[in-house]
Each structure stands twice: as C-alpha cells, then as structure tokens.
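Novice: Below are the chains, spelled out letter by letter.
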Amino acid sequence: MASEGAAPRGLGRGFPADRAALIVYLMAGYPDRATSLTALRAAARAGADVIELGVPYGNPLADGPVIAEAARVAREGGFGLAESIDLAAEFLAAEGLDAPPIALMTYLNPLMRMGLPRVAAAMREAGIAGVIVPDMPPEAARPWLAASAGLDTVFLVAPTSTFERLATVGAASAGFVYCVSTTGVTGERAELPAELGSLVEQIRGHTALPVAVGFGVCEPAQAAAVARIADGVVVGSAVVRRQGDPAAVEEFVGSLANAVLFARL
Amino acid sequence: MSDVFLPSAEMAYSSPDAQGFFGPYGGTFVPETVVPALTELDEAFREALNDPAFTGEFGELLQDYVGRPTPLYRAERLADAVGLGRVYLKREDLNHTGAHKINNTIGQCLLARRMGKHRVIAETGAGQHGVATATAAALMGLECSVFMGTEDIRRQSLNVYKMRLLGAEVIPVAEGTGTLADAVTAALRHWVERVEDTFYVLGSAVGPHPYPVMVREFQKVIGEETLVQLQGRAESVPDAVIACVGGGSNAIGMFYPFLRDLPAGKRPLLVGAEAAGLGIETDKHGAALTKGAPGVLHGFYSYLLQDDAGNPLEAYSISAGLDYPGVGPEHSYLKDEGLVRYEAVTDTEALAAFALLTEIEGIIPAIESAHALALLPRLASELGPDAVVVVNVSGRGDKDMDIVREAGLGGE
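Here the protein sequences line up with chains P and U, keeping their order. Position 251 of the first sequence, counted from 1, bears residue number 251 in the numbering used here, the numbering being contiguous throughout. Position 322 of the second sequence, counted from 1, bears residue number 1322 in the numbering used here, the numbering being contiguous throughout.
In short, the hints are calculated from the structure, not lab data. A hint or two may mislead.
For the chain U half of the interface with chain P, some residues (derived, Cβ under 10 Å), not all of them [as the list claims (entries may be wrong)]:
1. PRO1031
2. GLU1032
3. VAL1034
4. THR1039
5. GLU1175
6. ALA1181
7. VAL1195
8. ALA1293
9. VAL1296
10. GLN1306
11. ASP1308
Across the chosen pairs, the derived CB separations fall in these ranges [said to hold, decoys possible]:
12. HIS1118/U x PRO143/P: 35 to 41 Å
13. PHE262/P x GLY1023/U: 51 to 57 Å
14. LEU1278/U x ALA146/P: 39 to 45 Å
15. LEU97/P x GLU1169/U: 20 to 26 Å
16. GLU1196/U x ALA190/P: 16 to 22 Å
17. GLU95/P x GLN1019/U: 39 to 45 Å
18. GLU76/P x TYR1013/U: 43 to 49 Å
19. ARG1119/U x GLU76/P: 35 to 41 Å
Backbone N, C-alpha and C fix where the C-beta goes; we use that ideal spot for every residue, glycine too.
Kindly generate the complete structure, drawing on both the sequences and the hints.
Specialist: Structure representation (structure tokens):
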C-alpha cells in the first residue's frame, strides 16, 4: 500500500511556528477499516496538524473506557499493528505531501511480537513519522531506539515526573514531548488542572522540542486554553467517540482547529 | 550432612539486577505516571530491608499473628500411596487466612505504613489475596479497596463478604472476562490515577520492578523454614521440591532459598506445576511457561500467552489462582536457565490429587496446591521408590468446596 520510497516525515513538521498544533487521535480500524480511513481523511481536511493513530490492543493500560472500547471493536474486526500500519500507508499515499504526519500510538507488546526491526522497517516504508508507546518509559526503550532510526519516538511526562525524569524524558524524546495533563487514564475531563501551565514550562526547561498536552481535553474552549500554554493539543477520546460518523469527526475537528487557530489572537 | 546447607562460595544465584531484570525478564514497562512511584517504592523497600525495626516487626507478626513457622509434615500414607520414600508437606494452608498470601500482604502493608500511605489497593482472583490484604489493612488501620472481576465475584461470594466484613471496599471489574488479569489491569489503572496517596499491594511475584523481588523477599520465609525443618529432621537435601505456579509467589518463596543457599549440583530438583486446564493442546489452559512466548503484560517482560498480534490471551484453569496468562519473570529466567523444571497439570489430575490428600491424610488442599500434589506420581516413576520429595501446600481448600462439588467429588 505504501507509496514507493516514501521518506519518513518527522513529527516536528506538524507544529506550525505561530500557533499550537492540533493533534487528533483516531483508532485504527474502528468501527471498521473503511470508516476509520474516511475519518482520517476527514480529520486531515478539517485541520488536524498531526494524527495519532491508535493501534488496537487487548490490554490498553493507559486508556480510558472510550478508547478501550474502540480498541475492542477494532480487534474484533481483525485489526492489530500490521493492519494499522497498512491503513496509515494507504492514507499517507493518497494524501501525498499535504498529509499530516502520523504518530502510531501503540503498546509495547505488539511491537515486540512483530519484531522491532521488522516493525520499524514497515513503519518507515509506510511513511509513518513516529511512535508513542505509553508503556515504554525511556529506561526501557533502548532496544526500540536501536531498531528505529528515522522514526521519532515520543516519550511522555506526567505530573508525577520528578525533576530528574523531566531531563531524562526531554533528552530521550524526538518529534515532541507528550505532557500528560493529569494522573490517570485517557478520557474526557470537565476541568484541566490549574498547575498545567507550570508543568509545561518546567518541561520546556529540559527540551527544545515542542511540548504537547493530552489526556482530558474534550471541547474547543479547553483546546484553546491548552493552545495558549503549550505547543500542541492532543484530543483523543472526544474524537473517537464520534469516529463512527466521519462527518461528525470533520465538524468536531474543525471546531477544535478553529479554537486552536484563534487561541493566541 | 549439615554442611550442604551452608552458604558456599560456589553459589552464584544473584538475580535480579538493579533494574529488576532476571536475565532478559522483568523490568519496568509502565506509564510514566507511575515510574516515579516505583522508584520511590524500590528505595523504601531496600531501606526497610536494612532496618532491623522493620524486619523485626515483620518477623514478629509472621510468628504471632500469621502463626509461623508453619509445620513441615511428613505424610506417610501419601508417600505410600504415590510410591515415594518420604513426602513432606509444607503447611502454608495453616497460616492465618488459609494461604501463603498473608506473608506478602503483611510485608507490603508494613511498608505502606512506613511510607506514610494510608490507603492500599489490591487485585484478587479467587479472593485469597484480597482477603489477606483486607486482613493486613484491618490490622494496621489502612483504608483498603480490592479490585475483583465480576465473574470471580460471582464464583467467590463468600470471600467478597469476608473482605467487606474486614472493612474493605470490593470494586467490581466488568471489563474483559471479569477475572484476575482484568482485575490487575483495573488496579494498575486506578494506581496510575491515585498514585500519590495509594500503595498497590500486588499479590503475586509479577508486575513491574520492584514487585517480583519484593514479593519474593516477603515469601522466602517458606523455603527458609523448610531448609531448617529438613535439617531438624536430619534429612539430607531432598530429591525434589514441588510448588504450583500461577504468578508464582508461593513457588518462588519455596525455591529461592534452595537456589540461594545451595550450590549448583547440590540442589534438589525444583519443579513448578502450572495449570494445563482442559489440556495444553486445547486453548483452555494457563500454562504460560509451557505454551507461551516472551512478551510484556502488566509492566513486566516474561513468558505470556498471547496471539499473533501480541494481545494477551485469556487463561483458563479450574483454579482461579492459576488462571493468569503471564507468569512471574523470575520463573521465566529459571526455566530458560534450566534451574527449575515446569510441568503442566490438568484440572482432572489436580482434582484427583485433591481427593487423594483429603481422603488419606485428612488435609483439604487448595485446588491450586493440588496441582503441585498431582506431580507426585510422575516424580515417583522418575526418581524411584526411595526418593524424598517436599510439596508446598500453598493454601487450604475451603474456598473450593463449590468447585469440587460441581466437579463431582464426594459423590454429589
């Protein structure tokens, strides 16, 4: 499916200089392959700057109920890591150079099961820009980093991260640093923590990379608030909840893009 | 004969390393949110082990509250029935709350209190670890919540009631198949959310570092007592030592002192019994070491029952305590190194061993422990009629009455 010789595209390309990036999470294969492909295209058309493509997994430790349920449905449809890479390849080939860069969000075991060098090669061939692996902290990442030249590996910072860990994660990350807004799993939250701004500032002290905030962002006003303090806003569960209806995804992502666009004006 | 029990310069068993790896297995594969908490736990655990006040209080509670040392009972009628020279049963079933689980929960709850955490959580399958945690929490005045799959709640309603009596909140987990693996996932998720004020009391020798080594440390009393008790009976090193393996905490507690204190070549044959369920040729078993492949689940790398896409598979066993798709990382290492042999035991074999011990010794074992007992006839044909074998009876069978009745034991 991959366009021949598609060069890997860094995730950093998705971050505009003058405003925060909108990072949209979609679950590969949910509710089925065709609909998830249409939803990807809708999100791109509506203004997603980066796409986080979730790989369905049977033990999604860091995910809340919306994403866990979407993963279950996608797995029942036969979707796993290989199918997700294939879906990304088809999307990227069709969108061409305008396509937002894709970060695959996958748990570690599917990578290990497929074999790290093999999966890295498949991702490069597909044109996927990078990965986010929520159960792979930097200390556990050496085998993957050795196998994945040309791919950006994004690590996560949490409100519980110590000063030393901010430095570790900042140094290990590529593409951007993913700041988890609150302790807990992914999912929509009515309010974001007041200390988020200072956490983002602390992370900036340890990396030159863009800092994106995720976990809990669910509506345009929140996205705008995050866009004023961070370099990127990740919206996941609130998009996946609409993923069965690509038109709704397009409308919702459009409203988020608009909020992010005007956040700093 | 006593010289074989003395530490020797030849002994080389020193796993895990500082990062919690037993060979390639173990490690810390968890969301960033809990990484700092695991580092803090590791440091607090090491400090506690070097503090005589902590180890002293732990030892006192094991003696006066849990009822240790548990007897090493020579089961003569059982030895005759299976055709072995001598069979010794390590009676962990005689512990307070009826299983080895309490050794670990006393240790971890002491540590929680020492770390200033006023709230503990736990996962449970059959409810034994849940009851043991609720018990230790009651003893130490800690708030306690236990995650338990809805299917297990249905099967083990008495233990649910016990936990509630002990003051614990039982949180039903409806995700997945509503069994142990889902309860672990739910507990880990909850811990990620409440990590700042909550201590996770993990029940088996699984999970991210330092849990496998910490659980081993709190369970090693089983093997240490056994070595001393064998010496007291003027027994030489036995020919074999058997324990059942789900996550593997009673087995590592029994095996570790033999690995640590005896040089290679002087050790008994160590055998772990895992659940073959309806047979390892079917998809209804829990034999991760026999049939799995290495992978990551619940924060550690170990043998794992998984599909081609790397999703964990559902495990099955008549025994809720052995019904787990993974296994403690140290067991994976011990298997690969050839230091412990692992064999799979079917539901049917375990039920037969359960009936045998009950009928000829008057000891009703947990159905988990019956998996270990089921290896005795196999070892008799391998080691001969004079062989001396120790079996860890990890728990008592009261909780299994409904299950064995349904299976047709006792003519009902």
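Novice: Taking the hints in turn, state whether each one holds.
Specialist: Outcome of the hint check:
no. : hint                             : in the structure
1   : PRO1031                          : 5 Å, holds
2   : GLU1032                          : 4 Å, holds
3   : VAL1034                          : 7 Å, holds
4   : THR1039                          : 8 Å, holds
5   : GLU1175                          : 7 Å, holds
6   : ALA1181                          : 8 Å, holds
7   : VAL1195                          : 6 Å, holds
8   : ALA1293                          : 8 Å, holds
9   : VAL1296                          : 5 Å, holds
10  : GLN1306                          : 7 Å, holds
11  : ASP1308                          : 7 Å, holds
12  : HIS1118/U x PRO143/P: 35 to 41 Å : 39 Å, holds
13  : PHE262/P x GLY1023/U: 51 to 57 Å : 55 Å, holds
14  : LEU1278/U x ALA146/P: 39 to 45 Å : 41 Å, holds
15  : LEU97/P x GLU1169/U: 20 to 26 Å  : 55 Å, violated
16  : GLU1196/U x ALA190/P: 16 to 22 Å : 20 Å, holds
17  : GLU95/P x GLN1019/U: 39 to 45 Å  : 42 Å, holds
18  : GLU76/P x TYR1013/U: 43 to 49 Å  : 45 Å, holds
19  : ARG1119/U x GLU76/P: 35 to 41 Å  : 37 Å, holds
When held up to the earlier numbered hints, the structure conflicts with hint 15 and nothing else.
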